[in-house]
Structure formats: C-alpha cells, structure tokens
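J.: Chain by chain, the residues:
10 protein chains.
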Amino acid sequence: MSDFRGLLETFDNQYPERDYKIEIVAPEFTSVCPKTGQPDYGTITLTYTPRGKCIELKSYKFYLQSYRNEGIFYENVTNTIIDDLVAVVQPQWMKVEAAFSARGGITETVTVQHTSMM
Amino acid sequence: MSDFRGLLETFDNQYPERDYKIEIVAPEFTSVCPKTGQPDYGTITLTYTPRGKCIELKSYKFYLQSYRNEGIFYENVTNTIIDDLVAVVQPQWMKVEAAFSARGGITETVTVQHTSMM
Amino acid sequence: MSDFRGLLETFDNQYPERDYKIEIVAPEFTSVCPKTGQPDYGTITLTYTPRGKCIELKSYKFYLQSYRNEGIFYENVTNTIIDDLVAVVQPQWMKVEAAFSARGGITETVTVQHTSMM
Amino acid sequence: MSDFRGLLETFDNQYPERDYKIEIVAPEFTSVCPKTGQPDYGTITLTYTPRGKCIELKSYKFYLQSYRNEGIFYENVTNTIIDDLVAVVQPQWMKVEAAFSARGGITETVTVQHTSMM
Amino acid sequence: MSDFRGLLETFDNQYPERDYKIEIVAPEFTSVCPKTGQPDYGTITLTYTPRGKCIELKSYKFYLQSYRNEGIFYENVTNTIIDDLVAVVQPQWMKVEAAFSARGGITETVTVQHTSMM
Amino acid sequence: MSDFRGLLETFDNQYPERDYKIEIVAPEFTSVCPKTGQPDYGTITLTYTPRGKCIELKSYKFYLQSYRNEGIFYENVTNTIIDDLVAVVQPQWMKVEAAFSARGGITETVTVQHTSMM
Amino acid sequence: MSDFRGLLETFDNQYPERDYKIEIVAPEFTSVCPKTGQPDYGTITLTYTPRGKCIELKSYKFYLQSYRNEGIFYENVTNTIIDDLVAVVQPQWMKVEAAFSARGGITETVTVQHTSMM
Amino acid sequence: MSDFRGLLETFDNQYPERDYKIEIVAPEFTSVCPKTGQPDYGTITLTYTPRGKCIELKSYKFYLQSYRNEGIFYENVTNTIIDDLVAVVQPQWMKVEAAFSARGGITETVTVQHTSMM
Amino acid sequence: MSDFRGLLETFDNQYPERDYKIEIVAPEFTSVCPKTGQPDYGTITLTYTPRGKCIELKSYKFYLQSYRNEGIFYENVTNTIIDDLVAVVQPQWMKVEAAFSARGGITETVTVQHTSMM
Amino acid sequence: MSDFRGLLETFDNQYPERDYKIEIVAPEFTSVCPKTGQPDYGTITLTYTPRGKCIELKSYKFYLQSYRNEGIFYENVTNTIIDDLVAVVQPQWMKVEAAFSARGGITETVTVQHTSMM
Numbered sequence: 011m012s013d014f015r016g017l018l019e020t021f022d023n024q025y026p027e028r029d030y031k032i033e034i035v036a037p038e039f040t041s042v043c044p045k046t047g048q049p050d051y052g053t054i055t056l057t058y059t060p061r062g063k064c065i066e067l068k069s070y071k072f073y074l075q076s077y078r079n080e081g082i083f084y085e086n087v088t089n090t091i092i093d094d095l096v097a098v099v100q101p102q103w104m105k106v107e108a109a110f111s112a113r114g115g116i117t118e119t120v121t122v123q124h125t126s127m128m
Numbered sequence: 011m012s013d014f015r016g017l018l019e020t021f022d023n024q025y026p027e028r029d030y031k032i033e034i035v036a037p038e039f040t041s042v043c044p045k046t047g048q049p050d051y052g053t054i055t056l057t058y059t060p061r062g063k064c065i066e067l068k069s070y071k072f073y074l075q076s077y078r079n080e081g082i083f084y085e086n087v088t089n090t091i092i093d094d095l096v097a098v099v100q101p102q103w104m105k106v107e108a109a110f111s112a113r114g115g116i117t118e119t120v121t122v123q124h125t126s127m128m
Numbered sequence: 011m012s013d014f015r016g017l018l019e020t021f022d023n024q025y026p027e028r029d030y031k032i033e034i035v036a037p038e039f040t041s042v043c044p045k046t047g048q049p050d051y052g053t054i055t056l057t058y059t060p061r062g063k064c065i066e067l068k069s070y071k072f073y074l075q076s077y078r079n080e081g082i083f084y085e086n087v088t089n090t091i092i093d094d095l096v097a098v099v100q101p102q103w104m105k106v107e108a109a110f111s112a113r114g115g116i117t118e119t120v121t122v123q124h125t126s127m128m
Numbered sequence: 011m012s013d014f015r016g017l018l019e020t021f022d023n024q025y026p027e028r029d030y031k032i033e034i035v036a037p038e039f040t041s042v043c044p045k046t047g048q049p050d051y052g053t054i055t056l057t058y059t060p061r062g063k064c065i066e067l068k069s070y071k072f073y074l075q076s077y078r079n080e081g082i083f084y085e086n087v088t089n090t091i092i093d094d095l096v097a098v099v100q101p102q103w104m105k106v107e108a109a110f111s112a113r114g115g116i117t118e119t120v121t122v123q124h125t126s127m128m
Numbered sequence: 011m012s013d014f015r016g017l018l019e020t021f022d023n024q025y026p027e028r029d030y031k032i033e034i035v036a037p038e039f040t041s042v043c044p045k046t047g048q049p050d051y052g053t054i055t056l057t058y059t060p061r062g063k064c065i066e067l068k069s070y071k072f073y074l075q076s077y078r079n080e081g082i083f084y085e086n087v088t089n090t091i092i093d094d095l096v097a098v099v100q101p102q103w104m105k106v107e108a109a110f111s112a113r114g115g116i117t118e119t120v121t122v123q124h125t126s127m128m
Numbered sequence: 011m012s013d014f015r016g017l018l019e020t021f022d023n024q025y026p027e028r029d030y031k032i033e034i035v036a037p038e039f040t041s042v043c044p045k046t047g048q049p050d051y052g053t054i055t056l057t058y059t060p061r062g063k064c065i066e067l068k069s070y071k072f073y074l075q076s077y078r079n080e081g082i083f084y085e086n087v088t089n090t091i092i093d094d095l096v097a098v099v100q101p102q103w104m105k106v107e108a109a110f111s112a113r114g115g116i117t118e119t120v121t122v123q124h125t126s127m128m
Numbered sequence: 011m012s013d014f015r016g017l018l019e020t021f022d023n024q025y026p027e028r029d030y031k032i033e034i035v036a037p038e039f040t041s042v043c044p045k046t047g048q049p050d051y052g053t054i055t056l057t058y059t060p061r062g063k064c065i066e067l068k069s070y071k072f073y074l075q076s077y078r079n080e081g082i083f084y085e086n087v088t089n090t091i092i093d094d095l096v097a098v099v100q101p102q103w104m105k106v107e108a109a110f111s112a113r114g115g116i117t118e119t120v121t122v123q124h125t126s127m128m
Numbered sequence: 011m012s013d014f015r016g017l018l019e020t021f022d023n024q025y026p027e028r029d030y031k032i033e034i035v036a037p038e039f040t041s042v043c044p045k046t047g048q049p050d051y052g053t054i055t056l057t058y059t060p061r062g063k064c065i066e067l068k069s070y071k072f073y074l075q076s077y078r079n080e081g082i083f084y085e086n087v088t089n090t091i092i093d094d095l096v097a098v099v100q101p102q103w104m105k106v107e108a109a110f111s112a113r114g115g116i117t118e119t120v121t122v123q124h125t126s127m128m
Numbered sequence: 011m012s013d014f015r016g017l018l019e020t021f022d023n024q025y026p027e028r029d030y031k032i033e034i035v036a037p038e039f040t041s042v043c044p045k046t047g048q049p050d051y052g053t054i055t056l057t058y059t060p061r062g063k064c065i066e067l068k069s070y071k072f073y074l075q076s077y078r079n080e081g082i083f084y085e086n087v088t089n090t091i092i093d094d095l096v097a098v099v100q101p102q103w104m105k106v107e108a109a110f111s112a113r114g115g116i117t118e119t120v121t122v123q124h125t126s127m128m
Numbered sequence: 011m012s013d014f015r016g017l018l019e020t021f022d023n024q025y026p027e028r029d030y031k032i033e034i035v036a037p038e039f040t041s042v043c044p045k046t047g048q049p050d051y052g053t054i055t056l057t058y059t060p061r062g063k064c065i066e067l068k069s070y071k072f073y074l075q076s077y078r079n080e081g082i083f084y085e086n087v088t089n090t091i092i093d094d095l096v097a098v099v100q101p102q103w104m105k106v107e108a109a110f111s112a113r114g115g116i117t118e119t120v121t122v123q124h125t126s127m128m
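Chains as they are written, first to last, in the working numbering: chain A, 11 to 128; chain B, 11 to 128; chain C, 11 to 128; chain D, 11 to 128; chain E, 11 to 128; chain F, 11 to 128; chain G, 11 to 128; chain H, 11 to 128; chain I, 11 to 128; chain J, 11 to 128.
Everything labelled a hint here was simulated from the structure, so no lab data went into it.
Even for Gly, the Cβ is constructed at its ideal location relative to N, Cα and C.
You may find that some hints are simply not true.
Pairs of lysine-lysine, BS3-like flavour, derived with a Cα cap of 27 Å [stated by the list, open to error]: (1) K71/J - K31/I; (2) K105/H - K31/H; (3) K68/E - K45/A; (4) K68/C - K45/D.
Label-pair ranges, simulated between beta-carbon atoms [to be verified]: (5) G81/F - K45/D: 49 to 57 Å; (6) T53/A - Q102/I: 37 to 45 Å; (7) Q48/J - C43/H: 34 to 42 Å; (8) P37/F - A97/H: 33 to 41 Å; (9) K45/J - F72/H: 38 to 46 Å; (10) K68/E - I82/D: 51 to 59 Å; (11) F72/E - G81/H: 42 to 50 Å; (12) E27/G - P37/F: 45 to 53 Å; (13) P44/D - Q24/B: 39 to 47 Å.
Hey, can you work out the whole structure from these sequences and the hints?
T.: Rendered as structure tokens:
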C-alpha cells in the first residue's frame, strides 16, 4: 500500500450489471531509481472491468504524479499501483502494465493482474 | 436510452441465414465533458453480426453527430450508444469500442459488448 | 449469384490431400453506390483452403473488375462475391473481407465466411 | 521433390530434448511465372521445431536461390519447399509461408504446415 | 552452462504469492560467428514469471556483454542463455527469444521456453 | 482540353490581395489504360495560389470521376487536368501531381506545373 | 475579423531582441459546413516569430473552440484566424496551416502567411 | 552502353513545350555480384523531364529484367542504366537512384544525374 | 541565466579547425507549469558546431534533470537553456528545439538559435 | 589517423568524369566508451562523390569492425573515420554521419564533412 492511495477517487458505475472493459493509458509516468537516484520514465496501462465503482480519471492522474520524486523499483511500483487500485475500485478483474524506457540500452515491462484471467 | 435513438434507421438484411460480421469506424465523434464543459474527441468502432436488420450508414452518422453538444461521461456515452443500437438493430451480438483522445496526457478506451462472447 | 460468375476460372490443386491456406488481397476494388450513384472504393481480401481446385488469379482479377460500374450495397457485394467463389472453387472453408474507404468520415468492413470456423 | 533438395545441409541439434522454435525469414526469393515468363518476387518465412537436426543457414540460402530461373506456380513452389525441408530436417512440426509481391494490383500468400498444429 | 553464469545476480521478489510477468528487451546483443569470425547482432527478449527471485538488471546487462567476443551459433547461444537464467532465477516459467540481423539477406529468430506453456 | 472541363465550377476568392496556398488531395482517381483496357488507379494532388477564383470542391470531385471509363495515358491525363484547371481558375500558379499505383511491379508519378516556380 | 477575437490573450515576450520560432499544433478543430450543415474536422498549425507579445495557450484553445458551431468555408476560416492572431500578437511573421479531414474522399489544406517569407 | 539498350522504346511527348517531371520506381531490380556470384537486389528510381520523347513503361520493365543474370557492380549498373536512357530518351535532365539491399549488414545507394542540376 | 549553469561541463574539441555538427536528443525532459503546478513533458534537441569546447554528455543530462521541479514557461525554459549552453560552450552556432507534449489537445514547439543561420 | 587505415581498399572509378553520389549505411557499428568501458552502438552513414577511386565495400566493413574493442569518444571516432577515408579515397567531397544509440535516455549524432558543401 502506497502513501498516495487516499488520492484515488471513484464514481458510481451506471451499468453494474454489464461486463464491460475500461482501458486507461498514462504515457508520462516518472519516478526515481532507488539505487542511483536517476529519474525513470514509463507508460502505465490500466485495464479493468468495473463492479460498483469506476476510477475517477483526474484523481488517478494526480495519484500517478505522486510517484514523481519517489525512489522505487520497477517490479514494486507496478505491484503497488494495482494493490491501491484494487482496494479502492474493487473491480471484477484488473491488469496494470508498466513499460519503462531504455536504461543502458535495455527496456523492461512489468505486467500484474488481479485475477487468474490473463 | 438517448434522445437521439429515433434517428437510427435500418434496412433488411438480405442474408439473414448467414453469420457475417460488419464493422463501422467513425473517427470524428465529439461530445462535451459534463464537469468542465470542454469538448471531448474520440473514435467509435461498432462491430456486429446482424439478424434481420442492418444499420443504415447515413442515419448512424447523423445519430453520432447528435452528441456534438451533449455533456456526457465516457463510460455512459459508450453504454448508451450500444443500448440504442441493440434496441433498433436487434443483432446476434454487438460490440462498441470508444477510444477518447488524450486529456491531461491520459487516454481512455471503453469497450461494451451485448452478449458474453468477447 | 452475380452476372459475372462465369468469368471465374480454376486450376487443379496439386496437393489436395494437404490442408493449406491461400490468401489473395485485391486493394483496387471499385463499385457504385446504388443510392447516390457515387463510386465506392475498397480492398477485397480472400482467404481459403482448397479441396480439388484453386482460383485462377487473372480470372479473379477480371471478375472483380466487372463490378466497376455496378450499383450495389457493401453488405450485398461481399455476400455475392463469396457465393460466386464457393460455387466455383468448392473450398474446405473460405472467408471474404471487404474494407471500404471512408464516406462521410466513416469506414465500413464486411466479413463473410463459408463455414463456422472464424 | 525439387531438383535442388540435395543442396540442403543440416547440423546436429544440441538440445534435442527441448521443444524450441526457429524462424528464418528470406525476403529476396525470386522465381519465374510459368505462363508469362515474367519474374515473381516474394518473402519465404520458415518456422519449425527441430528434432535431431537443424537446417544449415547458408545451404538453405543457396537452395532458395536455385529457383531464380525456374518456372513454377505460387501454390506449387510453397508445397515443394516444405516437402524438401521436411524430408531433410525431419522436424516435429514445420510451417512455410510464401508472400508474393503484387501482380496486376493483387498479392497472394500461400501457407503450408507439416502437422495439424496451425 | 556458460562461463559467464556467475555474473548473474538476483534480488528477492517482494510479491512471491502473485503470478506476474516481467519482460526485458536487450536490443544490442553481439557475438561472433564460430565459422566465419564475423560479428553477429541481435535482440534478446527475456520474459518470465518469478518465484522467489528476480533477475538484477545491471548484472544481466554485463552477462550479455560477455558474449561480445565469443564464437557461438544462434541456436546454442539462445539455449545457453535460458539455461543460465533458469538455474539462477528458478522462475515459474521463462522464455528467451533471440532475433538476429540479416546475413546474406536472411534473418533468424530462435525462441526457447522453460515450461510447456508457449 | 478534356470533354469534362464544363463540369468545373468556381467561387469568388474572398482574399484576392493575399498570396495563400490551397492543396487538395484526391486519392481515389481511376481511369483506363488505352492499350490494355485495364483500369489504372492513382492519387491526384492539386496545389495552387488563387487570384480571383477558387475551385469548388464538389464540382472538382465530379470532374475527376468523369475519367472513370476514359482510356488515357498517365502523362496525358496529368497535363489535361492542369490545362482544364488553369483555364477555369486562372491561378497565380498551380501544380498537379498524379501518382499511379504499381503496374508490373512499377509505379509512376507525373508532376506538371503552370509557372516556372517548382 | 471574427466575433471571437476578444477571447485571445497575450503575455509579454521575455526575449524580444531574439528571432525565435513558436509552433502550436491544435489537432481537434471543428466547425460546420455552411452549405450542408455537416461538421468539418481539421488540424490548425500556427507558427510565428514574436515581437513584443506571445499568444497565451489557454485563451487560444478557447478561441478555436468558438468555431465549434459556426458555419464557415475552409478558405475563409483560415484567413480569419490569421487576421485575428496578427491583430492581437503583432508578430514579425506568422503562418497558419489548416488541414481538413476527408469529405467525399478528398482532403483540403489551406496555408496563409502574414509576410512574404514562405 | 549495355547489350540491352535496344529493348528500350519511346513514345512522343504530347506536351514538349512544358517542363514537367516523370518519376518511375522499380522496386524489384536484381542482378548478380561479379565477384561472388551471389544475387543482388535493389530499387531503381528514375526521374526525368522529357523533351520530345517519353520512355515506354513496359519496354523499360523488360530492359531492367535483362540484368537478372548479369554480373555487374553497383556503381557500374547505375551509370550504365542512365547512359542507355539518356541516349534513347534525350531528356532535359535525368536522375537514376539505385538503392541496394543489405549485404553483410551494409546497404549502398548510388545516385547519378545527367545534368548538373541535382 | 539559470541556477543550474554551473552543472554544465565541457571537454576540449580535438578538431577545432573543422566545421562539424553535433546533435543531442533528450526525450525525457520534464518541468512544472508555473500557473497550474502540473508537470510538463518534452523533448529537447540541441544542435551545434563547436569551436574550442564540446559539451560533456553526462553533465548535460544532470543539467536538464535540474528542471524537474522548476515552475517555468515553455518559451522561457528554451531561451534559458540556450543562454546557459552558449555561455559555457561558446559554439560557432547553436540551436535548441523544445517540443512539449499535448496539454488540452494542443502541442507547442519552441525553437531558438544563437546566430542568424536558421 | 587510426591504426586500421591500412585495411581500407579501393577500386578504380569507371566514370571519373561524372559527378555522382555514393551512400553507404552501416547500422551495426560498435566501439567502447573510454571512460566507462561500456559498449557503444551506432549507425555510420558515409556519403561521397568519387574522383579516381571508390571505396571497396568489404574492406570498409572490416575497417569498421576494427573499432569493436577500441575505447574512443563519439566526436573523435567520427572525425577519425572521415580522415582515414579521405586519405585513401581522395573524393571530391565526403560526409560521415555517426548516430549513436541512447545512453541515459539521450542520443547523439555527429556529422563531419570534408569540404564546405553541407
């Protein structure tokens, strides 16, 4: 659980009886490498099927901006984001894919999913 | 149900005994954000397998243009469009995918389907 | 059945015992809208697994060119083409995908398949 | 069986107990149309899982170059290539996809597979 | 097993109870052809689901750089890399895809996977 | 001068004292090869600086559609179109570029300009 | 001069002694065709070298949104926008390029410049 | 001068008083390396402004196909082609650009022009 | 002059008698909007011809990272960067192009050059 | 002057009286950073107009491969390569452009030319 979970807001899903899919792409994510202090840059893609609540877009943007000066590893930031979102949105299923820019000529993408359906 | 459902016209499917697929892409959809009053822009992709009726292309274009000055959320506009189309066309199955342009550096795509076949 | 079916020629499949796939893409299809008289443009993609016969490429090209001044709807031209091809080639399975250029800012793709394998 | 099968050489697979996949793309294939005498151009994509032997890359290149002045139809050249390769390499499974350049504005791709796994 | 396996370092997976996916793309791999002595160039894509350990990115980069002056065949380098990684990381499953640049106009991609899930 | 020049209509330029540029791209041009009777396809790009008149877009579209069943060479159709347009619009300068699709694997583009400014 | 000129705001250029270039791309412009009442869509690209003032980005966005329900021709909207901007910003030079989406399969781009330097 | 110059045919330019430009792109050129005997592949782009004659497209295609089994260096084939074309077409100016595919990871493009205007 | 100018380091140009060009692209620049407090993202492209000194790449990266939490307008950040670089590197000529991501659907690019040669 | 200049071979230009252009792109250049010992990767584009001699392609490839384990800065490697090539080929004019891959999220391209014609 991150310190920023409280920033996330939701609104009521008007179509709770229907299985539909929402995908939100945020290409301007940035955090800091905890070992080197260098900035990391990436794209966060969130996909989910809501139950009773949907994530409010503006609060989600502010939530992601909170990582701007945080020192955190790729694997951990991805798992932390989905933990916060699942706790607040309580979706049927959810996936977070975080694709980070090249460091030393190498790129890394971490994908975490809330249920077994991959 | 939207106020514009009456604009949608159909014509008889000449091949009702055959399961075929129709995809219609409308890249110039625009509506208004109900919170900020700012215009939203998106691409609506409709896919369906007809039973007795097909959607008439020109009436569908006028139907989509009716949202030009409507204040409506992404999730709701997508669900409303498929509700109107299913009521009028009565297809075997239907999918509406609405991909909205970047706002604050973030894009959102909502996908709704009429049957469980995704 | 179109008036042009007689143009289609076949040759013997040399490997009738093998399930292989043939895909033919014709990007320069044109016909005429029966309502407005305006020309329509599209790409016809044919895919099939032959049994005893294969479609002869040049005759297929002339067949498609016959629609040049025909007034016919998108849905009907696609279904008519697969009807003609199935009758002449008698394939194991066949698919015709017709992708038409934008009209009024909107594009339409019709996909018809001969068996249930989609 | 082509006259060129003898050109194909193999080397021992060092990991025969493991199911792995090898894909070889040759974008500069050329042969001659047996009806018109005009040159045809295409890309041959070979994919297979080896058992005891792997195809030697240089010998495979010379094998493909042997078709340079041969008159042969698209469907037959694809089936002949996989017949030669299967006989020499004896793979677990193998696929050959031959994508030919546009003739008369139309392109054709032929895909043949050695086992039923497609 | 390569001489460089000792270079690979790991760190503890903070989310061992969760099935998530890590993909690392290294586009600047280079080794030497054992027959001709010419340099080979390729992109190594590693994908895996960790159990108790994750691969440390910097040590993985140095491990790949060790092949810079080694003479080794495409098929063998790919199998050796996954052998080393599986031994050190002990993942749930792992895939290594090595795509090598054109030689004589031909490209080759070798894909090896640790479990049967392909 | 073509038989279709009479189809072209103009409207008054509201800013005759200003040197501005208008570019109109028509990607769906089609005519017929006078030697083989086969259809030709191309994209016509018109660029000009108006004096007193601008070309009316819809009449220009109908003008181009008139070539649909005309047998005419690439070089001549391009020169004829600019002759008709210059006579009707009387621009400061005008350029017509006609890019024709591949025939026998070869594409041709013809560019004609009304004044020496290229 | 449009009715919306009053919406445009400026701020002081901090580097008035330096010739530098500012380019602003607005891809979501929409107005209405005065003949058919159908919506038009386009991208407005503004480029200029400031003297004493720069255009304020947010006010420029609201200015462009004012055309949303205006009926106006392509050529006139482009000339009106540059007239308003030149009056308010008083730049060294300025260019407005308006690229409109396809109508009837045809696209049009209008380019107007404030000085003779094109 | 090549042995194939006699294959080139021309037709009369109907607009000899006008300076217009013709560009012909042939992406399927192939010849043989005189040192190694290996096939070379390339794209030949011809651009010229005609005087009294234009090159006939079909004869030009057959002319290029004549190099199929010729052993000739990149620099020489490009210079020979423009020599033949200039002799037969006698243009105002002409350019031949020959872009050859990668050999040993390296590509080469040779550009020759008949007059000094580059 | 920014507070960060002192971070920039140089090294001696080994070829001071030669006019050559150095281009450095930094796609991960980020600062903060002084009005809204929202993060801005952009790509900084630096081009210059050195006299006695070249910019040291790592110090330039740290210099750009210093803007991470600074509130500054697009036009000013671009002019400040070139002022700092010109003072430290004293080049023959230099250009800085700063392309900022979409805000409210609109992108802005500012280009500043040290001499009149644009 | 590098230690490898002796590897470069030439052949006689058959068309010394003609000003033509040769471009050679080598995308697989690699050397080592003299400060960190890390490998650098880049694309070397050579363009020149020959006088009496042309560079022999294979010897040029071996020459570039000699830098594989050399520690040298971007600016110096580019100037050294053009110095060696100018000495051996004695061209009318020559340009070397070296584009290096991203390091720390930043790319650098160095361009050197032998005469003033840029």
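J.: The structure should be examined with respect to each hint, and the outcome stated for every one.
T.: The hints, checked one at a time:
1. For the suggested pair K71/J and K31/I, the alpha carbons sit about 24 Å apart, so the restraint of at most 27 Å is met.
2. A threshold of 27 Å between alpha carbons decides the hint, and for K105/H with K31/H the separation of about 11 Å falls inside it, so the pair holds.
3. In summary, the hint linking K68/E to K45/A is supported, as the alpha carbons are separated by about 11 Å, within the 27 Å threshold.
4. Of the supplied pair hints, the one linking K68/C and K45/D holds, its CA atoms being roughly 11 Å apart against a limit of 27 Å.
5. Taking the beta carbon of each, G81/F and K45/D are about 26 Å apart, not inside 49 to 57 Å as hinted.
6. A C-beta distance of roughly 39 Å is found between T53/A and Q102/I, which places it inside the suggested range of 37 to 45 Å.
7. Take Q48/J and C43/H: their Cβ atoms lie about 37 Å apart, and the range 34 to 42 Å holds.
8. Our hint of 33 to 41 Å for P37/F and A97/H holds, since their Cβ atoms are close to 37 Å apart.
9. Distance hint for K45/J and F72/H: a CB-CB separation of about 58 Å, inconsistent with the stated range 38 to 46 Å.
10. At about 53 Å, the CB distance of K68/E to I82/D agrees with the hint of 51 to 59 Å.
11. The hint said 42 to 50 Å for the Cβ distance between F72/E and G81/H, and at roughly 47 Å that hint holds.
12. In this structure the supplied range 45 to 53 Å holds for E27/G paired with P37/F, their Cβ-Cβ distance being about 47 Å.
13. A C-beta distance of roughly 41 Å is found between P44/D and Q24/B, which places it inside the suggested range of 39 to 47 Å.
Consistency with the previously given hints fails for numbers 5, 9, ordered from lowest to highest.
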